Amino acid sequence: MKKQLITCTINGKLRENYIDPRASLSDLLREEEHLQSIKHGCDVGECGACTVIVNGEPFNSCIYMALWAEGKDIRTLEDLSDEKGNLSDIQQSFVDEGAIQCGFCTPGFIMSALPIIESDEDFTREDIRKKLSGNFCRCTGYDTIVTAVEKTHNKRKAEKSK
Amino acid sequence: MYDFNNIYQPKTVREALEMKKAHPDALFLAGGSDILIQCREGKLAGRDVISIFNLDELRGVCLEEDGTILIRPMTSFSHITNHPIIQKYIPTLAYAVDQIGGPQIRNVGTIGGNICNGVTSADSATTLKTYDAILEIASVDGIRVAPYSTFSLGAGRVDLREGEMLTGIRVKKDSYENTFGNYIKYSMRRAMDIATLGCSLNVRLSDDKKKIDRVRISYGVAGPVPLRATKAEATLQGAEINSELLEKAALEVMNDVNPRNSWRASKDFRIQLIKELTRRTLKSSVEQAGGKF
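These protein sequence lines are chains W and B, in that order. For the first sequence, position 2 (counting from the first letter as 1) is numbered 2 according to the numbering used here, and the numbering increases by one without interruption. For the second sequence, position 245 (counting from the first letter as 1) is numbered 245 according to the numbering used here, and the numbering increases by one without interruption.
Worth flagging that the hints you see were computed from the coordinates, not collected in a lab. Don't take every hint at face value.
[What the hints assert, rightly or not] Quick list of simulated restraints, FRET-style, between CB atoms:
no., chain 1, residue 1, chain 2, residue 2, range
1, B, N178, W, Q36, 49 to 59 Å
2, W, G98, B, E162, 50 to 60 Å
3, B, A22, W, V44, 27 to 37 Å
[As the list claims (entries may be wrong)] Cross-link-like lysine-lysine pairs, in silico, DSS-like; alpha carbons within 27 Å at most:
no., chain 1, residue 1, chain 2, residue 2
4, B, K248, B, K267
5, W, K155, W, K84
6, W, K2, B, K43
7, B, K21, W, K3
8, B, K231, B, K210
9, W, K2, B, K11
10, B, K21, W, K2
Since the model is a prediction, treat every value here as computed from it, not as a measurement. Cβ atoms here follow ideal geometry from the backbone N, Cα and C, with glycine treated the same way.
Looking at chain W on its own, in the form it has when it is part of the complex (with noise of 0.2 Å):
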């Protein structure tokens, strides 16, 4: 099929691809950008392993359109680290925690946290849990990756108020 010009913002950076109409928004980042932290796991939006952030909201991006993202602002687990590749507090915490073992599943469990320790608001275990639970994980039972992502919003918010 024609491919097709689409802009958008990746990782704070404006970015022109040319695109078959038929791509995912995974196979974009993956094959164009060479954004590796998207990881196809189910390809049917269940597993969450290839989450990223579009305009803010948590979204599969193996069920998304590439076609769609004309316009966006999309945010990939490679937008956290810094240049030299230090490791953020929430990356940080999930090494701290034990919150990885095999690790496939963690840059969509970022991801997904984002939204929470990006957030003002107060979110119990419970409430971590809900905003979690489009992403599997196989190794670690959960509980550890609730408990980085807890301590994280924690200390923001601690820093936050002083």
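Dock chain B against the given chain W, drawing on the hints supplied.
Quick look at chain B alone, frame taken from chain W:
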């Protein structure tokens, strides 16, 4: 990569309708959380689609002059849940669509897609039935208005005729005013699952809060399409609120439902669920309305 034959990309609703007329077999692609998956499975592979995802004129919720709530069909579930108008006037709908899938699915999935799919488990369908939603359906020839009650024709089939598209969902003031409701979705998992059974119910009590002025009950997965328990509603109208009411309601609704055996649950279990969810939704709705048992 999705195996579509052609993807049409209209810029306006008008253009979308013209494309639908020119390509009657093309599917409208809304949030895609069903179509894209069925394309992957192969069921819809090779089809033509008309992508309406970026038609922002089809998104949003507003209150019209006479108090009617207008929901545009491409409004995502999460936007419905968080919308102040929905939270204030039909909180049951805000809650019901918050039970769908997970956060990512609720961000992409649309209420219009939910009801146009015509599946019996659709979480928004039962509440829209109990609030007598009215649909605005457009084609190049104009707009027709139809009640949602007669929209479902069978499993996966809805009353959208050639060249037509759903462009609005309305709930009249008379329908939601002074009502208190509740939706319960029974499913095997608390997220990322479809309903084994869903029950949405709302009541309006008499002024002295001793009698039921009006009750509306709807079920998902209690038949091939989401259905209203109209016979039970008629017998419960004017009923006194007392200890026997819940049991009476649970028995009466049996005249309206037609659940079946499936791999998800047996018919007997579904009947048990219909009775129990009726008791629970009725109890909590009456109590919210200020009634006492």
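Taking the hints in turn, this is what the structure says about them:
For the pair N178 of chain B and Q36 of chain W, the supplied restraint of 49 to 59 Å holds, since their beta-carbon distance comes to about 55 Å. A beta carbon spacing of about 58 Å between G98 of chain W and E162 of chain B agrees with the range 50 to 60 Å that was offered as a hint. The given range of 27 to 37 Å is respected by A22 of chain B and V44 of chain W, whose C-beta atoms sit roughly 31 Å from each other. Proposed proximity of K248 of chain B and K267 of chain B is supported: the alpha carbons are some 21 Å apart, at most 27 Å.
Distance check on the hinted pair: K155 of chain W and K84 of chain W sit about 23 Å apart at the alpha-carbon level, within 27 Å; holds. Only pairs whose Cα atoms come within 27 Å are accepted, and K2 of chain W paired with K43 of chain B is accepted, the gap being roughly 24 Å. A hinted pair counts as satisfied when its Cα atoms are at most 27 Å apart, and K21 of chain B with K3 of chain W qualifies at roughly 25 Å. Simply put, K231 of chain B and K210 of chain B have alpha-carbon atoms about 22 Å apart, close enough for the 27 Å limit, and the pair holds.
Between K2 of chain W and K11 of chain B the alpha-carbon distance is near 19 Å, which keeps this suggested pair within the 27 Å criterion. With a CA separation close to 23 Å, the supplied pair K21 of chain B and K2 of chain W stays within the 27 Å bound.
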